[in-house]
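Undergrad: Chain by chain, the residues:
Number of protein chains: 2
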Amino acid sequence: MNIHAKRIKDLQHLLKQSKLDALVVTRNLDVGFLTGYHMDDYLLLVSRNSAWAIAPKMFVEDIKVRAPFVEPVVPEAGFEQAVLALCKTHKLRKTAFDPEYETYTRGSLWRKHGFAEQGGLVGSLRAVKEGEEAADLRKSCRIAAKAFGLIKPRIKTGRTELSVYRELEDLMQAMGAKGPSFNLIVGFGPNSALPHHITSERRLKDNEAVLLDYGCVYNHYCSDITRTYFHGRPTEEFRKVYAIVAKSQKAGLAAVRGGVKAVAVDKACRDVISDAGYGQYFIHGTGHGVGLEIHEFPRLNTKFEATLRPGMAVTVEPGIYLHGKFGVRIEDSVLVTRTGCEILTKTA
Amino acid sequence: MNIHAKRIKDLQHLLKQSKLDALVVTRNLDVGFLTGYHMDDYLLLVSRNSAWAIAPKMFVEDIKVRAPFVEPVVPEAGFEQAVLALCKTHKLRKTAFDPEYETYTRGSLWRKHGFAEQGGLVGSLRAVKEGEEAADLRKSCRIAAKAFGLIKPRIKTGRTELSVYRELEDLMQAMGAKGPSFNLIVGFGPNSALPHHITSERRLKDNEAVLLDYGCVYNHYCSDITRTYFHGRPTEEFRKVYAIVAKSQKAGLAAVRGGVKAVAVDKACRDVISDAGYGQYFIHGTGHGVGLEIHEFPRLNTKFEATLRPGMAVTVEPGIYLHGKFGVRIEDSVLVTRTGCEILTKTA
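These protein sequence lines are chains A and B, in that order. Mapping of the first sequence onto our numbering: residues 22 to 369, in sequence order. Mapping of the second sequence onto our numbering: residues 22 to 369, in sequence order.
Source of the hints: derived by calculation from the structure; they are not laboratory data. Any given hint might turn out to be false.
Since copy identity is lost for identical chains, a pair holds within one copy or between any two.
To be verified - Within a straight-line C-alpha distance of at most 27 Å, the following computed DSS-like cross-link-like pairs (lysine-lysine) qualify:
#: 1; residue 1: K261; residue 2: K109
#: 2; residue 1: K115; residue 2: K133
#: 3; residue 1: K109; residue 2: K85
#: 4; residue 1: K173; residue 2: K37
#: 5; residue 1: K268; residue 2: K78
#: 6; residue 1: K288; residue 2: K78
#: 7; residue 1: K27; residue 2: K226
#: 8; residue 1: K115; residue 2: K346
#: 9; residue 1: K115; residue 2: K40
#: 10; residue 1: K133; residue 2: K271
#: 11; residue 1: K27; residue 2: K288
#: 12; residue 1: K346; residue 2: K37
#: 13; residue 1: K27; residue 2: K173
#: 14; residue 1: K85; residue 2: K173
#: 15; residue 1: K261; residue 2: K133
#: 16; residue 1: K346; residue 2: K27
Fair warning: this is a prediction, and the values are worked out from it, not measured in the lab.
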C-alpha cells in the first residue's frame, strides 16, 4: 500500500479509537503529510471510510494522479460550505477539528455546527517517522553532515558569514537537497553568542569562534545540525566552554531512548552545564522534533510533557552563550530507538 | 524615523481610529513587518503609546539592537499570561486580536478575557508598499526578470525540469537573492497544462511548450513572474492560445490603477479569454497581492472584494490550460499607481 494511503488508514483507525466520525484537516503540512500532495489552499475531510480533498478546480488533475485514494471535491460556495455539505450528506455526526492549528474564525464556524475540538491526531502520526520518510530524513541529515566536512576548510579569514551561508546552500543542493531547511545561521566571533543570529556581511577574523547552525530539505524532510569550532588557536576559555557543551550534548544523547520523558533529556544536558557553573548561559531548550517542519512535536525543554517513542526524530543541542565574546552550541538530529538513538548527522 | 518605528506609529494611529486600546499581534509575518526583526516564536502587544515584544530570553539582545522601539518582555508563565498581565498593568481595557490568523485555542482564551475581534489592521498596512520595502520588492522583481533572459538560452532539448529549477535558483542567488520565493514551477510539454505542476525529472523534447513560474526573495520580499514559450517551431494551436493569453494579460494590466476594484481586473482578463471561446480553460483567479508573502492581500478573482490602492503590489496572470497538450500563462508583478501600474518584472 502507498505510504500516504496507509497514513489515511492510520488516521481512520485513530478516528474510531477517539469515537469520532470524521476529522477536518486544514493545516497545509498535515494535508500534505496525509496525501503526499504538498500544496497550499486545499483541505481534507477524512471519515472512518472515506477521504475527500476539497480543492480548487485547478488541483483536480494533480490530485487524481498523486493521491488517487482521496476523492477531489470542487467547492461551489466556499471550502467550509463544502465540508458542511459532505458532513450532512454522509451523516457524519461527530466531526472534529484541531483547535491548535485552526483559525479562530473557522474554528468558531465549526463549533457553531457542533464540531468537536480534538488536537494532535495527525501530529501523533507525524511524530513517528516510518518507511520512506525515515529514509528521506536520514538522507537529508547525511547531506547536511557531509556539507560540514566540505565547507570547513573553505572558511578562511576575511570571508563573510553570508558567503559561507550561500556556499553551504550550494553544497547541499549539489548533493540533491531542495534548499535550506531554515534561515541558516553562520556566526563569527561574538555573533556566535546570539542563538538566533541573523547571518550578516561580517567578515571572519583570525582567532575567533565559528558557529554553523544549518540543514537542508530533502524530499520535504528537514535536517538540523550545529557545529562550533575555533578559527585559529583556541583560547583557554573557549576550550573550557567547548568541553562542557560537548560533555552536556553527550549526556543528552545518552539519555535518549523510547519510553524516556522529553524533560529527562533536557535535564541530562542542563545538569552538566549547571554543575560546571554555566547554567545561566544555557538560555534555550535542549531540542525539538524535526521532520516536515524544522521545529515540530515534541519539544525537549524543562516543561514540555511528552514521552519519546521509537521512530521519533529530535535534535539535541545544548549551548553556552557568553555575550560579546562567543557562543558554543553542538547539535545533532537523531532517531529515537527502543534502546537509544541513531545519530543522523554524524560528522568526521 | 526608522521605517519599522513608523509602522508601529501607523498601527497606533489605526488603533485610535478603531477605538481600540491595544492589539495583540501573534502572526510571525505581521510581527516581523512591524519590528523588522523576522523571527518565529515571539509576539507583540501594541497599545496607543507603547509596544512590547513578548519573547524568549535568547531573543532579548537581538531585539534591543534591531528593534529598540519595542520593549522586550520575557514571560515567566507563558506568552499569553504575559500579554494578559501587561493589559492589566497598563489598564488596556479594549484589546483586539485578528481572528483570521489567531488559532482557535488562543483566540478562545482572548475572548474569555474580553478581547475584541478585529481583522485586517496590520494587513492594511502591509498591503501598501512604501519606501525601503517598495525598493526591496522592485529589486526582487528585477532579479527574477533578469534571470529569464539568462536561463532561456540554456534550456535545451534533454534537460530536466529540476535542473532548470536549480539553475534558476542559482542565477537569482548570484544576483543577491536569498532564495526562491516558492516551489518554482518548471513545466515542459503537457506539464505546462497543470497550473500547480510539481517540477520533476521530465526531460525537454523538441517542439513542446516551456512554462517557467518563479521568483525570488530579496530582503524578505517575494517576486513572482511566469513566462511561457515554445521550444522549437510553435504549432498553430500554441500560437493562437498564446496570442489570446497575451491579449488577456495586456487587458488586465491596462485595467490596474488606484481606485479600481480587484474584480474589475479579473473581468478584464477573463472577458478576452471567454470571448475567444476558451473561458472554461482559465481555471484560476487572475492574480494576488505579493510582498512578504508570495500570496497575500488582495486577491484578484471573480469574487474578492477589495479596491486597489496606489502602492499595492499585485500579480496579473491569466492562463489557458489544455489538459494533455500544453498550458500558457503570462504573469507580471506590478505596483499600483494612481494612474495605472508600474510593471516590476519586465523582460526583454
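Undergrad: Determine for every hint whether it applies to the structure shown.
TA: These are the hints, each one checked on the structure:
1. K261 / K109: neither (66 Å within a copy, 45 Å between copies)
2. K115 / K133: both (13 Å within a copy, 25 Å between copies)
3. K109 / K85: Within one copy only: 24 Å inside a chain, 54 Å across chains, cut-off 27 Å.
4. K173 / K37: Answer is neither: 52 Å inside a copy and 54 Å across each miss the 27 Å cutoff.
5. K268 / K78: between (56 Å within a copy, 24 Å between copies)
6. K288 / K78: Between copies only: 19 Å across chains, 51 Å inside a chain, cut-off 27 Å.
7. K27 / K226: neither (53 Å within a copy, 36 Å between copies)
8. K115 / K346: Intra 57 Å, inter 44 Å, cutoff 27 Å: neither.
9. K115 / K40: within (8 Å within a copy, 40 Å between copies)
10. K133 / K271: neither (51 Å within a copy, 45 Å between copies)
11. K27 / K288: Neither. Shortest intra-copy (36 Å) and inter-copy (43 Å) distances fail the 27 Å Cα cut-off.
12. K346 / K37: Neither. Shortest intra-copy (56 Å) and inter-copy (44 Å) distances fail the 27 Å Cα cut-off.
13. K27 / K173: neither (42 Å within a copy, 42 Å between copies)
14. K85 / K173: neither (46 Å within a copy, 32 Å between copies)
15. K261 / K133: So K261 and K133 fail the 27 Å test inside a copy (60 Å) and across (50 Å) alike.
16. K346 / K27: Classified as neither; 51 Å inside a copy, 33 Å across copies.
Hint compliance for this structure: hints 1, 4, 7, 8, 10, 11, 12, 13, 14, 15, 16 are broken, all remaining hints hold.
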